[in-house]
Amino acid sequence: MKVDFSEVQGIIRTCRRVTSRHLIFRFDSGRGARAFIRELAERITMADGDPNSAPDPLLNVGMTFNGLQALEVDQAMLGEFDAVFRLGPPTVKMALGDVPGSRSDPANWWENRFATDDVHCLVHLYAQSDDAAADAVQAVRQLADSTGVTELIPRRDGTILSGRWFAVRKMHFGYTDGISQPDIFWDDETPPRSPEQIDFRNFLLGYSTDKYASAPSSGAAADFARNSTYGLFRWIYQDVAAFNQFLAVQGPELFPELPAADAEELLAAKMMGRWRDGTPLVLSPERPDPQLAKSNDFNYAIGDPDGQRCPFSAHIRIVNPRDTPLDPVVVEGVPRVLRCGMPYGAPLQGTTDDGADRGLVGMFLCADLRKVVHSLTSWVMRNDFSPVYNANRRVQDPLFGNRAMPGTRAEFSIPRVGGEVTVKSLPDFVHTKGTAFLFYPGKTALIGLSQGAG
Amino acid sequence: MALSLNFTAPLKQDPESQERLRQLTAVFADQVQPEIDAALAKSELVHFARILIIDNKYLQVLTEFDGDPMAYTEFFRTALPTVFEQIFSLVEGAPPWPEINNPNGFYEYTHSLNLKALGESVDTGYDHGYLFSAFGDTTVREIKEKIGSIL
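Here the protein sequences line up with chains C and E, keeping their order.
For the first sequence, position 139 matches number 139 in this note's numbering, and the numbering has no gaps at all.
For the second sequence, position 66 matches number 66 in this note's numbering, and the numbering has no gaps at all.
It cannot be assumed that every hint is accurate.
What the hints assert, rightly or not - Restricting the straight-line Cα-Cα distance to at most 30 Å, the calculated cross-link-like pairs of lysine-lysine (DSSO-like) are:
| no. | chain 1 | residue 1 | chain 2 | residue 2 |
| --- | --- | --- | --- | --- |
| 1 | E | K144 | E | K42 |
| 2 | E | K116 | C | K433 |
| 3 | E | K42 | C | K211 |
Quick caveat, the hints were computed from the structure, so don't treat them as lab data.
Let the sequences and hints guide you as you build the complete structure.
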């Protein structure tokens, strides 16, 4: 079995451009929605071309469960889709860490401009320039107007969600992104180059097996969904001023033996598990090493069993625990996701907030949304999946945890030779401003959705 | 704060199903209970659990447990497949076991039969209704650790 990339949306292979736009739509009639998808289908970037030489824009489209319903997809078929996809983000808010009453409360998403239930479709546009992106937005809006599809504007100031790299592969908080993307083998006939290569069934629908389960799992629904993928779309605000302030105050307190700037950098590295240039702490615990900045060849059980290099709660140790032993109840193992997000908003230096919106347009692709939401996102909110957390299973990801999560403690423990140091009251550094669970149809599903089949 | 599972399913009323229900009830303590006991103990998540039959019309699985309500359904499906197959074969309207004997189908079906208790949940964020706990949000692991330290 070899994946035919002409059947798969290009987003699964690349979304690397200078800037992005994310248009949100509500379908008001099945007929209009199908016409919109039919016209749009011709413009979608599929995965078979050279993504680097493809002309602007790269265009990809995903629909929510409500969107598929509005497209009048057969109810029996929809009933076989991923359970979490069907439930939608507000229903599984606690697994996402979007606690009612906190700043991530789904009731406040999309800046209260519309309800999450009204989100039916997202069109992602990637371009090398703002002009090209603006032209692409205009073209999609014209198509929406002509087919009776309503655009939803998620900001009170009337602007849309747009990503932009402000420095090469740098995210807000200063970390380098995109180092540990899964290495996928797309062809069963070609043996994996290494044990680390991951089966494409982790990401594409329609190939469900006992080992790589996905929904729909079989029959006509699986045929329809083949070469599609699910996506977790997250609009995440990042409080850069609070983060910088935290490093400036806590870094020197925790590591008084270091110059202040070095102490701040060490604390930032301990929170992520990598230095901000990308160097893994497990491989270089004392300082960043440019030779190791892109390294992904390390583990924890052997390389750092006591967390003295990389704390157990460091972000990368939670979302990709590698060889860390798991609790017996974690029978499904650790899901892998493809990340294709981009920062939004202008960078901020220093510790004074300027009131501007900035953060991450996060996109995480996978074939099993149920598993991703109930493991990875839950584990970020509470590190309760491995015996390595036995000393305190109530702690969170120091960067991305919601401190309002019931039953958790806003603490961050950093094991060190000679004793552990602990941050006792972590502030919130992020909050969620919107979420959508998306189905990115492959070619078969696109044709079906365009024609009203399925 | 522990959460409650109030899985409640209507039972088939035809004579053959009722006879199988009678047989299950008769052998439960000796043949089914040990298997369930081992799985629940291994999970280290479940405070209490019991299975009830109400007037031969409804079956209830009632538990109090720690953590995300749906995170570990897959553990129980894989740990107790014959138990669930047997139980669901008695449930009116249950899909055939092969249809729900997969992570997604099992998750969705069990979710659909979980009843909300009266009242409002306290300090959980979940809309599960009221559950009293004398132990606050102390988890099974924490209780075991504390008990172990005083025994």
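Status of the hints after comparison with the structure:
1. E:K144 - E:K42: Judged against 30 Å, a Cα distance of about 13 Å means the pair holds.
2. E:K116 - C:K433: Distance ~28 Å between K116 of chain E and K433 of chain C Cα, so the pair holds.
3. E:K42 - C:K211: Holds - the C-alpha atoms of K211 of chain C and K42 of chain E are around 22 Å apart, at most 30 Å.
Checked against the numbered hints given earlier, the structure satisfies every one of them.
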